[in-house]
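Engineer: Here are the chains, one letter per residue:
There are 2 protein chains.
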Amino acid sequence: MSADTVHPSAVSPPAVPDVPAVPTGPGPSAVPGETGTDARRSPAVDVGALTALLDGRYAEVRDLVRANLDTWSGVLEDAETMDHHAFRERVKDIVLELAATGQTGMGFPEEYGGGGDIGASVAAFETLAYGDLSVLVKVGVQFGLFGGAILQLGTREHHDRYLADLVRGDLLGCFAMTETGHGSNVQALGTRATYDPATQEFVITTPDDGARKDYIGNAARHARVAVVFAQLEVGGSSEGVHAFVVPLRDEQGACLPGIRIEDDGLKMGLNGVDNGRIWFDDVRVSREALLNRFADVTPDGVYESAIESPGRRFFTMLGTLVQGRVCVGGAGINAAKVALTIAIKYGLRRRQFEASSDAPEELLLDYGLHQRRLFPLLARTYAMHFAQEVVAGQLHDVTSGLVTDEHAKRELEARAAGTKALGTWHATRTIQECREACGGAGYLAVNRFAALKADTDVFTTFEGDNHVLLQLVAKGLLTDYASEFEDMDQLGLVRFVAGLAVETVVERTRVHQLLERIKDVLPGGDDWDQEAGILDSDYQLAMFRFREEHMISGAARRLKRGMDDGMAPGEVFSRVQDHVIGAAHAHVERLVLEAFVAKVRAMPEGEEKVAMALLCDLHALSALEADRAWFLEHGRLSVARSKAITREIGSLCRRVRPLAEDLVDAFAIPPAMLRSPDLVG
Amino acid sequence: MSADTVHPSAVSPPAVPDVPAVPTGPGPSAVPGETGTDARRSPAVDVGALTALLDGRYAEVRDLVRANLDTWSGVLEDAETMDHHAFRERVKDIVLELAATGQTGMGFPEEYGGGGDIGASVAAFETLAYGDLSVLVKVGVQFGLFGGAILQLGTREHHDRYLADLVRGDLLGCFAMTETGHGSNVQALGTRATYDPATQEFVITTPDDGARKDYIGNAARHARVAVVFAQLEVGGSSEGVHAFVVPLRDEQGACLPGIRIEDDGLKMGLNGVDNGRIWFDDVRVSREALLNRFADVTPDGVYESAIESPGRRFFTMLGTLVQGRVCVGGAGINAAKVALTIAIKYGLRRRQFEASSDAPEELLLDYGLHQRRLFPLLARTYAMHFAQEVVAGQLHDVTSGLVTDEHAKRELEARAAGTKALGTWHATRTIQECREACGGAGYLAVNRFAALKADTDVFTTFEGDNHVLLQLVAKGLLTDYASEFEDMDQLGLVRFVAGLAVETVVERTRVHQLLERIKDVLPGGDDWDQEAGILDSDYQLAMFRFREEHMISGAARRLKRGMDDGMAPGEVFSRVQDHVIGAAHAHVERLVLEAFVAKVRAMPEGEEKVAMALLCDLHALSALEADRAWFLEHGRLSVARSKAITREIGSLCRRVRPLAEDLVDAFAIPPAMLRSPDLVG
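From first to last, the protein sequence lines stand for chains A and B.
So the first sequence is numbered by the working numbering: it starts at 1 and just counts up by one.
So the second sequence is numbered by the working numbering: it starts at 1001 and just counts up by one.
These are calculated hints, taken from the structure and not from any lab test.
All of these numbers come straight from a predicted model, not from anything done at the bench.
Any given hint could turn out to be false.
[Claimed, not checked] Cβ-to-Cβ under 7 angstroms is the rule here; a few derived chain B residues that face chain A:
#	residue
1	1082
2	1367
3	1372
4	1486
5	1490
6	1578
7	1628
[Said to hold, decoys possible] Have a look at the derived ranges for each label pair, beta carbon to beta carbon:
#	chain 1	residue 1	chain 2	residue 2	range
8	A	109	B	1081	20 to 28 angstroms
9	B	1113	A	360	43 to 51 angstroms
10	A	209	B	1081	19 to 27 angstroms
In this text, a Cβ means the ideal position worked out from N, Cα and C, and glycines have one as well.
Please model the entire structure based on the sequences and the hints provided.
Structural biologist: Here it is, written out as structure tokens:
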């Protein structure tokens, strides 16, 4: 690393916490069209002001990472030209250099060399996603997953033994949870840890190939230790999944006795990360290897935990690892920004077909279809950014102990799961559309999309498969985190909901609160949609809330009816699954829009506020348009209004057109990270 | 290549042509629910019979290619492990070996060592898409683009000079049309070919970097000659774009004087194909270098062509190259089959979460959502396959001279463009969904999706950007190929439509024929949707036809109105562009459904017919569901019926479930091409 590397000690500490609050609509007194102020004009924005808005309280952290990205921009080329063995070493070296700057340790306690600020650590990670994503994921594995597990599941002794070394990068580790046979259903992992009171050791065993640890980052090459998740067995009883620190390799990198590791080989992308498989053949570790924050085993073999329910215990452990999901969601959103920056700049350079006989060919970005393809994605990227800011703020508050109630923790987990799902799907879709919008040029590796696509593709299924994550969100919505929540599998959910009156479900889920807020804006009767303009953000929010409430209640009703009709719970779940997931989707969409609207409302008057209101409208209307069939089917959209929304989107796109370049410049992506010499000029 | 390679001489000639006719609905006497015979049962199908149905008249050709694929299955690994320089050589060697088998020459005249059967050549190419796609694309470049240009644009002399060598693979060439600055608007290419009567030579020149040939397959390394498209200038007049054979390299592979070539470097995928850029610095070629089937220059410099209109001349030249688009569409559809086969087989092995407390975990494919994600894509793959069979048959008839009228040629071009667009988008979408449906396992290169995704990604933008291709389709629909058709750019189109009465447009476009056929099934009045069942294929077709007619008329009206309102044609086009493209999309969707319905109707009664009818229903209803907002907005779908369609799709998916594996086995993909040892077993 060059001497230019910026060290965080040069950065002043972040200002007073300023996490944006979830918006509360102004109620019936809201002025219709409020966010549509100055509606027919394209504002002239200050790019720096928008960057400051986006960067938020961690602007200096983000600038530090931007500066560091510039010092090893060559890694983007190395990712293509080095073979994967060499590239893994290259990436490891960069990660160690980053560790030396402190950038990667911001989330750890200061006494172990960290920065003591979870929020800063998320901001740093997100910004790292502007660069090579193998570096990002290797950082995530080492400091987020491995380091996070030691920090969150371990106790003082583990912290003292491991944290300083791992923060410095002197001890590399991996997070061995997933198995070939179990990725989403981790409660059913096959690896066993049996306590042997005679020697006061745990014996770690892989009973069959389905239970081998798989896709484990850092395992194939660099990890010296692993945090291994295994079924704890004490005195013949099974106590559920717990985490253990298990040494894998000696100082020279050779596997220790009883450890077998196989390389997962080449992947679609992220080939700078060494994923592998691990088998344990009766590997013995000391009693202290158990990460014992939530449960312990006494020397003579008595299992002890303050949390009685095994389900709740397991969810509590998993819950502390929520940071990984928050980080992946943010990374996906930032990768989408890179793609949009390139595609929009290309659309402002590339001409195609004559606009009139005596003019040069027309710019791509002046075509209505091109605007339609890119601008709603740009608007949604801003929306997702602000939603991510909210969840990162909540993560900071919960993890730093500023917020302690259990319900807030469950809500954070649900919000993290939902934002991760929508953010990573958004990345996949946006990068694809941007690639196609650059034609053949977008296919050349030098133009960045090859790596962006390949590297981000796994985001939708790692750190939780997106569909399974939305199921988790739905479970919370349908049960309002009832006391049995953590012990409920999908069949338990069906039985739970079936056992309640639908009204009770509706009450429990707090959708009645949504209903209250809808009623003010969308009164009943045939002329409800005459009341508010489509550019009124209260109208938009009411529509999102109506959909959510209706889908949750509807899913509850269908689950109940299925059981009442005598169907097996598994069959009921299978049939209602898309509805359940749709309800979760609608919930997260509502949170995203609320975050964007709240952000806009909190801004001082000015051109930037006009621009953000414009984008917020474009996002809201695009989302309504995409699901307008549902609103038409459910009597909440007239044909006339549905068509008006489509027309308005075209008009909003034309207004975004003059500020499109400013809107992507505001992401402040270091030019070297864009590459694309022929595309962005 | 091993001695097992199967040679086409071992294959008996295809039977009597049996190209499926475009269906004519049976009219008002049709029995509602006809294709839904035996509606609530899952049929038991014979896999071999389905394979025979899919393979059609070229079953033996397809089996030959399957056998050949098996002989070099190692190339799938090589694609990952070799550096791209070595892999390019490996792919070239395979292409030469394939040429030696005759498989790649089936479309050339027998007198030059070809097979004399265009249809067979398309079938062979499509099947090759089960294997490594660099091999496929290199074959396409050499025999389709380069060879096709010599064959279709050249005359006897060119054929005698080049064809035998290129069919054998002794002469490798490239197709140098695209330039950095011009991909879609090829009429505006910058490369110049100026006739010098003094020496009776053409002087080929690249005036600036925007006019360098770019992304040209075979150019970076292997091509010895190029077919170069350039603006012909004779005696100071510009005669438009023409094609010239230009030598690039000597026998040793060194660039000839005046030729500069640069490597395009690494790409997202297809790294076994050597794409490059070419500059011409006053390169002189003989007068005979002009491929002169449609135009010639006399020795003393007089330009002669039987086709007076420059636009028509250019479109006639381009039209002869339609085979490339037909081939790419078919390749995309077959790549989707590979992805579906892997994902569906994985869904039948992988278990996740308990279905009931005393049962093993549930198979992925038994989840309603998993079925919903994969089965409509499977149904659409069958639909696209049969639509592809129709366009390949029409290509065969036109190119073999069995059909000669100009209108049929224009319709073939439009159909090829549309099928290519929908087929390649379908590939991108299907491969993505299948990857995600395999979770983390789908991300490992050994499990095939990495290459499938990366290699097929460019299909949506090469051989014509899909959006531009749909614009071409729309132009044909809106003008019914008026005599001015070929001279019309997008602004000409606007002016042309604006100059007609809307009724005239509707009449010209023959949408009135559609209307006639709709009226019988969808009578007016409020209860029209009571008349026919949603599983009645006549009802489904009428819905598709209604949408097409309505969108074409609507686009025409909007173009007219824009001009009437005094907007500039460019602005009118920009605003109506998404509508215009939507109309083309609706048109092609209708052709696809008609192809599937016709196929089913022509089948003898039996289990396979029941299965195909089931898939056809699933395809039709999924397409209606995806666009149900439009039908709701246009009064052609009641809310009740819209919801009934959604319910029916769930029910159809459950009926497809028991035969899902048979339906993918029917694709008969050689097991070695699936790889995925842990996924498909």
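Engineer: Does each hint hold? Answer for all of them.
Structural biologist: Do the hints match the structure? See the list:
With a cut of 7 angstroms, the hint placing residue 1082(B) at the interface with chain A is violated, because the nearest CB-to-CB distance is about 10 angstroms. With its C-beta approaching chain A no nearer than about 5 angstroms, residue 1367(B) sits inside the 7 angstroms limit, and its interface hint holds. Interface restraint check for residue 1372(B): the shortest CB-CB distance to chain A comes to about 6 angstroms, inside 7 angstroms, so the restraint holds. Because the beta carbon of residue 1486(B) sits about 15 angstroms from the nearest beta carbon in chain A, more than 7 angstroms, this interface hint is broken.
For residue 1490(B), the suggested interface contact is upheld, since its CB lies about 6 angstroms from the closest CB of chain A, less than 7 angstroms. The interface hint given for residue 1578(B) is met, as the beta carbon of that residue sits about 5 angstroms from the closest beta carbon of chain A, less than 7 angstroms. At about 5 angstroms, the closest approach between the beta carbon of residue 1628(B) and any beta carbon in chain A falls short of 7 angstroms, and the interface hint on this residue holds. Between residue 109(A) and residue 1081(B) the beta carbons are some 44 angstroms apart, a value that contradicts the proposed interval 20 to 28 angstroms.
Between residue 1113(B) and residue 360(A) the C-beta distance comes to about 47 angstroms, which sits within the given range of 43 to 51 angstroms. Checked against the given bound of 19 to 27 angstroms, the beta carbons of residue 209(A) and residue 1081(B), roughly 24 angstroms apart, stay inside it.
When held up to the earlier numbered hints, the structure conflicts with 1, 4, 8 and fits the remainder.
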